[in-house]
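Colleague: Given only the sequences and the hints, what does the whole structure look like? Please build it.
Just so you know, the sequences run in chain order A and B. If you read the first sequence in my numbering, its first letter stands for residue 1, the second for the next number, and so on. If you read the second sequence in my numbering, its first letter stands for residue 1, the second for the next number, and so on.
For the record, the hints were derived by calculation from the structure and aren't laboratory data. No incorrect hints appear here.
Sample of chain A residues facing chain B (criterion: CB under 7 Å; computed from the structure):
1) N52
2) L54
3) N71
4) T77
5) R80
6) S81
7) F93
8) V109
9) P132
10) N135
11) Q140
Fair warning: this is a prediction, and the values are worked out from it, not measured in the lab. Where is the CB? At the ideal position from N, CA and C, for every residue including glycine.
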Amino acid sequence: MGEKIIDVKNLVKTFGDHEVLKKIDFSVEKGEVICIIGSSGSGKSTLLRCINHLETPTSGDILFHNEVVKNTQKSLTKYRSCVGMVFQSFNLFDNMNVLENCMFGVRKVLHLSKEEARTRAITHLKEVGMAPYINARPSQLSGGQKQRVAIARGLCMNPEVLLFDEPTSALDPEMVGEVLSVMKSLASQGLTMIIVTHEMEFAKNVSTRTIFMDNGYVVEDESPEILFNHPKNERTKEFLHRYMEAKVS
Amino acid sequence: MEYGLLLSSTPGAEGSLFAWCAFLLKKYSGMFLSATWTTFYVAVIGTIIGFILGFLVGITNTIVIHKEDNPIKKVLLHILKWIVAIYSEIFRDTPMIVQGMVIYYGLRQNDVMISSVMAGILVIVLNTGAYMGETVRAGINSIDKGQEEGALAMGMSHFGAMMTIILPQAIKNVIPEMGNTFLSNLKMTSVLNVIGVSELFLMAKTAGGAYYKYYESYMVIAIIYLVLCFVINRILAFVEKKTKGRKDYELATEYITGD
Chain A
1 MGEKIIDVKN LVKTFGDHEV LKKIDFSVEK GEVICIIGSS GSGKSTLLRC
51 INHLETPTSG DILFHNEVVK NTQKSLTKYR SCVGMVFQSF NLFDNMNVLE
101 NCMFGVRKVL HLSKEEARTR AITHLKEVGM APYINARPSQ LSGGQKQRVA
151 IARGLCMNPE VLLFDEPTSA LDPEMVGEVL SVMKSLASQG LTMIIVTHEM
201 EFAKNVSTRT IFMDNGYVVE DESPEILFNH PKNERTKEFL HRYMEAKVS
Chain B
1 MEYGLLLSST PGAEGSLFAW CAFLLKKYSG MFLSATWTTF YVAVIGTIIG
51 FILGFLVGIT NTIVIHKEDN PIKKVLLHIL KWIVAIYSEI FRDTPMIVQG
101 MVIYYGLRQN DVMISSVMAG ILVIVLNTGA YMGETVRAGI NSIDKGQEEG
151 ALAMGMSHFG AMMTIILPQA IKNVIPEMGN TFLSNLKMTS VLNVIGVSEL
201 FLMAKTAGGA YYKYYESYMV IAIIYLVLCF VINRILAFVE KKTKGRKDYE
251 LATEYITGD
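Modeller: This is the structure in structure tokens:
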């Protein structure tokens, strides 16, 4: 097996009285493409946000290369610069153009030279097909374009893992394809990714492991072939069944 | 004869409004000019320092105290927020003219020999700070939470994200309100006549008193205020337009691949 990058141990997250994540345990190895599926409110986004500490876990630990990620700015900065995140709402910086967005982290967090930042930005913007738009502001781009820039921005940090929080949920159907194909190509290059998604076809075809979450638990954690074709758990069956029905109608 | 000469230099009792305005303006041109300058710089200095104070107040107001923070930090933040809240409440709930009296005479009675101009600037600073604090808080809160999360997720600190991502956007949103505050301050300097700041209002009172021509004298400064504010308004509108930026962008054609 590959090298372990992230280890989630006994992760619990509560918002007030509501327990959103109930003792989650799982680990991520280098090169894995993990898709997390499940109905809305099952805790998948919260899990992803806990993994990069945008939500502080109520209890339990996140381990990065076997070291606990501490809730101090120094520790978080080091960790987050290695674990990128792509959001459902893109979160591109509105006060900067596309190029500045991509250079920002390289300059301000990694403290690399302007030339290096620019080189990386252009390289990754080319990769996602957005290089011609370096002078555009986020508000001038379509959703799909914004998300591709956001992915390039994440890649510029040379992350070990890239987290995707429903990257296509805010896009209209025509734009979903262009984002998914970028993600597919990243997967084929061996980038480690954790993707929270409702795109079942994508999960089935691209992921190396699929996790089904329900009501704050990891219900099933399997290879996509097994999870989609021979789900063991009743809840998984029900969810996939509903999904198939919805697709037909 | 001499008495007659002096009288003949004034427009006389039947002189028109315009004639008297022109007379007063000419007679007291030096005073009106220096008073205009005083009005202007008291307002400018007071507003600029007030903006800085306002930003500090606004940023303090938006600090979120986390349950996980260490206890000393939590206590200090709570105390800071309390001080800021009390300050902001007091200065927004009392009239500026009263603040001027309390600060000026209060300090002097306690042997702080502050000049009336300095006291005037201080009043404007404290007032602007209290109001701008609210504006800045609203401006910061109006920026989508995702902007900060995008920066945090890369490894930026809350403070770093505030300075590079959130404030630049918030400032842009509050520029119109900053312009309003400045205009309002320029006019509000008139209340500082009660502590003897020789700004326009006090000058009009003096000039009007000499000839018992208050209507004409205040008309003169009304026009000066109007011209001043009109010019500033145009400048502000220009600045606002500039900060909006261009609507179009240039395609970097060198990166367009033929496919």
